[in-house]
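There are 2 protein chains.
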Amino acid sequence: MTPVDCLVDGRPAQQVPLTDRGLQYGHGVFETIAWTGGRAQFWQQHLQRMQRGCERLLIPMPEPARLWQEVKQVTAGHTGPAVVKITVTRGDSVRGYLADSHSPARRIVCRFPWPERQSPAEGISLALCRQPVGYNPSLAGIKHLNRLEQVLARQEWRSTEFGEGVMLDQQKHVISGTMSNVFVVKDDRLLTPALSGAGVEGVIRGVVLELAEKLGIGPQVAPVPLHQVDLCSEMFVTNSLIGICPVKRFNGKEFASPGEVTATLIEQLADSLEQ
Amino acid sequence: MTPVDCLVDGRPAQQVPLTDRGLQYGHGVFETIAWTGGRAQFWQQHLQRMQRGCERLLIPMPEPARLWQEVKQVTAGHTGPAVVKITVTRGDSVRGYLADSHSPARRIVCRFPWPERQSPAEGISLALCRQPVGYNPSLAGIKHLNRLEQVLARQEWRSTEFGEGVMLDQQKHVISGTMSNVFVVKDDRLLTPALSGAGVEGVIRGVVLELAEKLGIGPQVAPVPLHQVDLCSEMFVTNSLIGICPVKRFNGKEFASPGEVTATLIEQLADSLEQ
Chain A
70 MTPVDCLVDG RPAQQVPLTD RGLQYGHGVF ETIAWTGGRA QFWQQHLQRM
120 QRGCERLLIP MPEPARLWQE VKQVTAGHTG PAVVKITVTR GDSVRGYLAD
170 SHSPARRIVC RFPWPERQSP AEGISLALCR QPVGYNPSLA GIKHLNRLEQ
220 VLARQEWRST EFGEGVMLDQ QKHVISGTMS NVFVVKDDRL LTPALSGAGV
270 EGVIRGVVLE LAEKLGIGPQ VAPVPLHQVD LCSEMFVTNS LIGICPVKRF
320 NGKEFASPGE VTATLIEQLA DSLEQ
Chain B
70 MTPVDCLVDG RPAQQVPLTD RGLQYGHGVF ETIAWTGGRA QFWQQHLQRM
120 QRGCERLLIP MPEPARLWQE VKQVTAGHTG PAVVKITVTR GDSVRGYLAD
170 SHSPARRIVC RFPWPERQSP AEGISLALCR QPVGYNPSLA GIKHLNRLEQ
220 VLARQEWRST EFGEGVMLDQ QKHVISGTMS NVFVVKDDRL LTPALSGAGV
270 EGVIRGVVLE LAEKLGIGPQ VAPVPLHQVD LCSEMFVTNS LIGICPVKRF
320 NGKEFASPGE VTATLIEQLA DSLEQ
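Protein chains in written order, with our numbering: chain A, 70 to 344; chain B, 70 to 344.
Calculated directly from the structure, the hints in this document are not laboratory data.
Please read these numbers as outputs of a predicted model, since none were measured by experiment.
Hints may contain errors.
Claimed, not checked - Computed Cβ-Cβ distance ranges for the label pairs, DEER-style:
1. GLN289(B) with PRO150(A): 23 to 33 Å
2. ARG227(B) with GLU329(A): 22 to 32 Å
3. LEU300(B) with ASP169(A): 38 to 48 Å
Unchecked claim - The list that follows gives simulated cross-link-like pairs (lysine-lysine, DSS-like), each with its CA atoms no further than 30 Å apart:
4. LYS255(B) with LYS212(B)
5. LYS212(B) with LYS212(A)
6. LYS212(A) with LYS255(B)
As the list claims (entries may be wrong) - Cβ-to-Cβ under 10 Å is the rule here; a few derived chain B residues that face chain A:
7. GLN142
8. ALA209
9. ILE211
10. LEU214
Glycine is no exception: its CB is placed at the ideal position from the N, C-alpha and C atoms.
Next up, chain A with everything else stripped away, as it sits in the complex:
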């Protein structure tokens, strides 16, 4: 899973300068995109999230047409699914937190092999991470490069027993997985944690919320105390590579896997993919 093909500011490269603000401070954003059927799935949604992140982090957003050109370049001649990762940093600067207002953003576009291990159709078990998520409204929602909490949470298990880990905030509310968003079904309605204080607003999360709206099964976006998960009938996690992945076990509770609502959403998501 090392990058196969990378462009840095449009040129083939495998390195960035030490002066890059992504390296120095995590001053950047990234998108992990499923490249399947010769297309970047949910490209517009990825671009929109990147745009929102760049605005909040005061990074000049690269031209979408240029990013698209570079995605096509790293995937050219590649058949079958792949992962495309786009990182945009605030570019280079001298030592110190103040960014050079004239310095352009840096674009890093890489193709990676599609993960070998697929999410099992029968669902995964989730670990409960001890590492909490901090409270940080000013950065919440953005897929930025300050990912130490997720990094520390992910080191808590190496067993293949768990497909993902769930992170809580200080008040023991479920926020997200380490690399996914979390949904539960309660009384036939879909519920997912509000991400106003922490977490990443996943692209698939947004798509699922829209699907649920159309299906008339909520959705409710609200705080989700850990103990409330016990009262739920279904649970699943989402991200751009796994799509919707049913959960069969979490925190001592077994779920229908996939449950009815989850199965319906999986089907609807497949229909909405650009084939």
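With chain A held as given, fit chain B onto it using these hints.
Same frame as chain A, now just chain B:
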């Protein structure tokens, strides 16, 4: 202020691989060290903080003797003061938050020119930053590479009117400057914010706390509500390059600059420098 001379894992270089976890997730720590009089000031304290940070971030701490060798190498033949920045990241890994347990840490050791603009002896004015500091006990104290809050706060002013900006937490407690620690003097006793939920435990902060202990002027390490600063007679900020820098103005309040306690501490700090 671009790096003059850098070693990456012991070899002259100006770049890191795209697979570096410092770039990908901010998975690393750094130290900014004053190189004056042919010595790395407070070298042991910098090493100790780096060690604590590495332990908490699950990074194998590089051998101090090796780091010292590399610091000597980048400063060799250089007369006069300079800035040495050491960054240690979790090294390379495949895409994904899980670190490769066999992968070594990466060492980046660079020399930078000493800042041209010195802190004025008569003190500086501080801005009050709108950007808040998040609540994050699991990362508090560490000088890690997840510095987006400080980055955003530092973009709030470009005028030379302000020498530094003060950051508050969500409860309007003073936490720190964007690149410094904050001290106030109240009733002849030294007070500095507790950093259990946010902030960086600066090396000079530690030294000043020890000096204050010896002088019998506190120190008190406790939450500092913003409104309490109005009741203080002196204020100063600290970091490894400016040492102790008196504050003459903050949030509409004027301070003696330097006040008596500040002047004494400046003198004592100078005495404790390894000449």
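Would you list, in rising numerical order, the hints stated earlier that this structure does not obey?
-> Checked against the structure, the hints that fail are numbers 1, 2, 6 and 7, while the rest are satisfied.
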